[in-house]
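Protein chains in written order, with numbering that gives the first Met the number 0: chain A, 0 to 352; chain B, 0 to 378.
If you're looking for bench data, these hints aren't it; they were derived computationally from the structure.
Do not rely on the hints blindly, as some may be mistaken.
Stated by the list, open to error - Under 10 Å between C-beta atoms, here's a sample of chain A residues computed to sit facing chain B: (1) L330; (2) L334; (3) D341.
It should be emphasised that the depicted structure is a prediction, and the values quoted were computed from it without experimental measurement.
Built from N, CA and C at the ideal position, the CB exists for glycine as well.
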Amino acid sequence: MSAAKPAYTRPLDLRHGHVDLGHGAGGRAMSQLIADLFVRAFDNAALARGDDGAVLPAPGPGERLVMATDGHVVSPLFFPGGDIGSLAVHGTVNDLAVMGARPLWLSAGFILEEGFALAELARIVASMAAAARAAGVQVVTGDTKVVEQGKGDGVFITTTGVGALPAGREPGGARARPGDAVLVSGTLGDHGMAILAQRESLAFESQIVSDSAALNGLVEALYAAVPAEAIHVLRDPTRGGLASTVNEIASQSGVGFELDEAAIPVAPQVRAACELLGLDPLNIANEGKLVVVCAADAAEAALAALRAHRLGAAAARIGTVVADERCFVQLRTPLGGRRMVDWLAAEQLPRIC
Amino acid sequence: MKYVTEFRDGALAAGLAGAIAREVEPGRDYAFMEFCGGHTHAISRYGVADLLPANVRLIHGPGCPVCVLPVGRVDMAIRLALARPEVILCTYADCLRVPASDGLSLLKAKARGADVRMVYSAADALALARREPAREVVFFAIGFETTTPPTALVIRQAAAEDLRNFSVICNHVLTPPAIDGLLSAPAAAGLARPRLDGILGPAHVSVIIGSAPYAFVAERHRTPVVITGFEPLDVMQAVHMLVRQVNEGRAEVENEYTRAVTAEGNRKAQALMADVLALRARFAWRGLGELPASALRIRPAFAAWDAEAKFGLEDRPVPDHRSCECAAILCGAKGPTDCKLFGTVCTPETPMGACMVSSEGACAAHYNYGRFRDLSPVR
Numbered sequence: 000m001s002a003a004k005p006a007y008t009r010p011l012d013l014r015h016g017h018v019d020l021g022h023g024a025g026g027r028a029m030s031q032l033i034a035d036l037f038v039r040a041f042d043n044a045a046l047a048r049g050d051d052g053a054v055l056p057a058p059g060p061g062e063r064l065v066m067a068t069d070g071h072v073v074s075p076l077f078f079p080g081g082d083i084g085s086l087a088v089h090g091t092v093n094d095l096a097v098m099g100a101r102p103l104w105l106s107a108g109f110i111l112e113e114g115f116a117l118a119e120l121a122r123i124v125a126s127m128a129a130a131a132r133a134a135g136v137q138v139v140t141g142d143t144k145v146v147e148q149g150k151g152d153g154v155f156i157t158t159t160g161v162g163a164l165p166a167g168r169e170p171g172g173a174r175a176r177p178g179d180a181v182l183v184s185g186t187l188g189d190h191g192m193a194i195l196a197q198r199e200s201l202a203f204e205s206q207i208v209s210d211s212a213a214l215n216g217l218v219e220a221l222y223a224a225v226p227a228e229a230i231h232v233l234r235d236p237t238r239g240g241l242a243s244t245v246n247e248i249a250s251q252s253g254v255g256f257e258l259d260e261a262a263i264p265v266a267p268q269v270r271a272a273c274e275l276l277g278l279d280p281l282n283i284a285n286e287g288k289l290v291v292v293c294a295a296d297a298a299e300a301a302l303a304a305l306r307a308h309r310l311g312a313a314a315a316r317i318g319t320v321v322a323d324e325r326c327f328v329q330l331r332t333p334l335g336g337r338r339m340v341d342w343l344a345a346e347q348l349p350r351i352c
Numbered sequence: 000m001k002y003v004t005e006f007r008d009g010a011l012a013a014g015l016a017g018a019i020a021r022e023v024e025p026g027r028d029y030a031f032m033e034f035c036g037g038h039t040h041a042i043s044r045y046g047v048a049d050l051l052p053a054n055v056r057l058i059h060g061p062g063c064p065v066c067v068l069p070v071g072r073v074d075m076a077i078r079l080a081l082a083r084p085e086v087i088l089c090t091y092a093d094c095l096r097v098p099a100s101d102g103l104s105l106l107k108a109k110a111r112g113a114d115v116r117m118v119y120s121a122a123d124a125l126a127l128a129r130r131e132p133a134r135e136v137v138f139f140a141i142g143f144e145t146t147t148p149p150t151a152l153v154i155r156q157a158a159a160e161d162l163r164n165f166s167v168i169c170n171h172v173l174t175p176p177a178i179d180g181l182l183s184a185p186a187a188a189g190l191a192r193p194r195l196d197g198i199l200g201p202a203h204v205s206v207i208i209g210s211a212p213y214a215f216v217a218e219r220h221r222t223p224v225v226i227t228g229f230e231p232l233d234v235m236q237a238v239h240m241l242v243r244q245v246n247e248g249r250a251e252v253e254n255e256y257t258r259a260v261t262a263e264g265n266r267k268a269q270a271l272m273a274d275v276l277a278l279r280a281r282f283a284w285r286g287l288g289e290l291p292a293s294a295l296r297i298r299p300a301f302a303a304w305d306a307e308a309k310f311g312l313e314d315r316p317v318p319d320h321r322s323c324e325c326a327a328i329l330c331g332a333k334g335p336t337d338c339k340l341f342g343t344v345c346t347p348e349t350p351m352g353a354c355m356v357s358s359e360g361a362c363a364a365h366y367n368y369g370r371f372r373d374l375s376p377v378r
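Isolated chain A, as found in the complex:
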C-alpha cells in the first residue's frame, strides 16, 4: 500500500445543493457544513476552535450576566426588511437589550428540513452574520439538526444570548410607578403587517417593510442620556404588540396605564392595511421597537435621546402610568371617548417571528 492520501471531499455546493439527512448526522457532511458555512460566516475564534462549547471571558467587575433565548419559526423565511436569519439575531439581542444588558454572544441552533436549498441557507446565514456584526455580537457556538422532508418548514433557528449588565441598571417589568411616562421608539405594527402582506392570500400593493432591528444601540443611547435609575421598564413589543406589552407591565407592576391614541405613531400604510383587515395596530408585532417607562422628569431627555438615534426618529410619548389595582390599560380615543386596551385574545397571525 502506498502512503495514505488526504481524503478528498467534494466541496459543499452552495449554489445547487440541498440539505440532506447527512448534514445532521454527525459525520463528515455535517462537519463540512459547519466548517464551510457557519464557521466561515460567523468568523470568530471561539467558534473556530471547533469544540463542544465556547470559552468566554468573565464579565467586567460589578457586572452581572443576562441570558435570554428565542426560537424563530417565521413564515415566509424572507420578507421585506429581513429574513429568519437577521430576525433570529435581533430577537435575542433585543431580549438582552431590554434587560439593560450589552449583548455579547449568541448561540445558534438550526433545525433544517431535508431538501432545503443550501443557497437559501447560505443567504440566511450570511444575513445572520451581518446582523450579528452590526449588533456587535458574536455567534460563538451552535448546533445543527436535520429533520425529514415534511417534518419542518425549511429552517427553524433558536438563538440564545449572553450579555453583560452594567452596575446600576435595573429595568424590570415590575418597576413601573404611577406618574411614570410611557414612550415608544417609533411606528407600531410594521413587522406583523410586513409578514401578513407576504402571505399568499393577501398580496398588498404597498410594500410594508419590517422594522426588524437590533435595539442595543438605542438602549445604550438612552442610558447615556438619562440616569439609569430613572429608566424603570424597557420592553420590545413583539407578539401581541403594544397592547400585550403594556398589559404585561401593568400586571407585573400592579399599576394601570392611560394611553393617548392620537400620540401613538403608526405608519400610514400600516394603518391602512390594518383598517382593511380589521386589525388593531396595537395588537400587531414589532421587531425593532422599544417601549420605555421612565420617571416623568426624565421623559424629555429620554425622548430626545431616542429621537436622536436612527432607530428612534419617530419616537413619541404615548401615555402615563396611573394607580389602578385592577391593572387596566385605558386609552383616550381621538374621538374624545375612552376604552380599554386588553390583551390579545387569540392568535391573530401564526408564525410571525
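The hints should help you fit chain B onto chain A, whose structure is shown.
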C-alpha cells in the same frame, strides 16, 4: 385615510355631542339598539358612549354573524372535517374559535388533524379548490346579506367551471327577519320585549338590500330606523336623527349612510343571491331561537356545490348553555354584566355564549373595551 379619518374627527364629534345634548329632552330616556356588530365595535372602539348624554342608552343588537351562528352548524363542519381526510374546510378567521360541542372548535379540530384553513374571501376558497384538484374544498359560509353575494358568486363560478371538488356549507342569514323577531315576541321564551325607541340600521347589509326592506319596522312596529355607517361620527349622527324622530313622535326609515346606501340597494347582488340561494323555512339562531324565513340555502339546481347535500350532512341543533344570558342580551333585555358567566367562566379566551365569541359581540366588546367602567373607581 380618505373617507375614514374625517369620520373619526374629534372636533366634529364634540360638535355632534353638543347637538345631541341640546336635542334630548331631560327626564326622557332614549333606548336605541344598534343592530350590527360593526356598530357595536365602533361604539366600543372609539368610546362613543362617553360622548352621549346619560339618558341616551345604546343597546347592542344581534347583528354579529359569528355570534348568532348556531352551534349545530359548527358541529356539522367539524364532523365533516374530522371524518373525511380529503376535505379542506375553509372559513373566515372569526369562525375558527367559535366554541362547538364536546369542547371543540374548528381550531381545536385542526389540532386534532382536520385540515381547516382560514381564508379572507370566498374567492380564496374557490382558488384553493382549483389548486388542489385531488382534495374536497368546503367553504363554510357565514354572514348577513353583506357576505352573501360573494358566496353566491363562487357557487355560480364553480358551476360554470364544473369544478366538482368545491362545495359550500351555507349559513347565511337575513337581517329584516331578525329585526322582526326582536320587535315581535322574542323567540326565547319568557322574555319581555325590551322597550326600544329606535334602531340604528345596518350599514353594509343595507348597501346590498337597500333601505326599503325596513319599512315594516316603522309602519308595523312604530319604531324609528336610521340606517347608518360604521364610523363613529356616522353612529353619532344617527343617534341625533333618532332623538329627533322620538321627540317629534315620528317613526320613519331614514338614511344617514347616503354615501353608500340607496332605497333599492344593489340590484345586481340581489339578483345573484336570488339565482343561487333560496329561503330556508326556518333557522335556529344562536341566542334568538328559531325564526321563520330568516336564512338561506343553496338552490337544488346547484346541489352539486351544496356540501350539506353532497356529503349528506345532518344539522343537529344544540341548545344554548343554561346559565348563558345571550338570548336576553341579544334582545336588549339584559346587559353583559347581568350575566353570571360574564367575565368569570365566559371570556374572549374561553367564550361560553354567542355574544362573547367574536370581537363584535355585545359581551366581547364590553369585555375588551368597556369593563373598566363596571368596577368601583380606583382608590
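Now the hints, each set against the structure:
1. L330: holds, 8 Å
2. L334: holds, 4 Å
3. D341: Cβ of A/D341 sits 5 Å from chain B, so the hint holds.
The structure agrees with every numbered hint stated previously.
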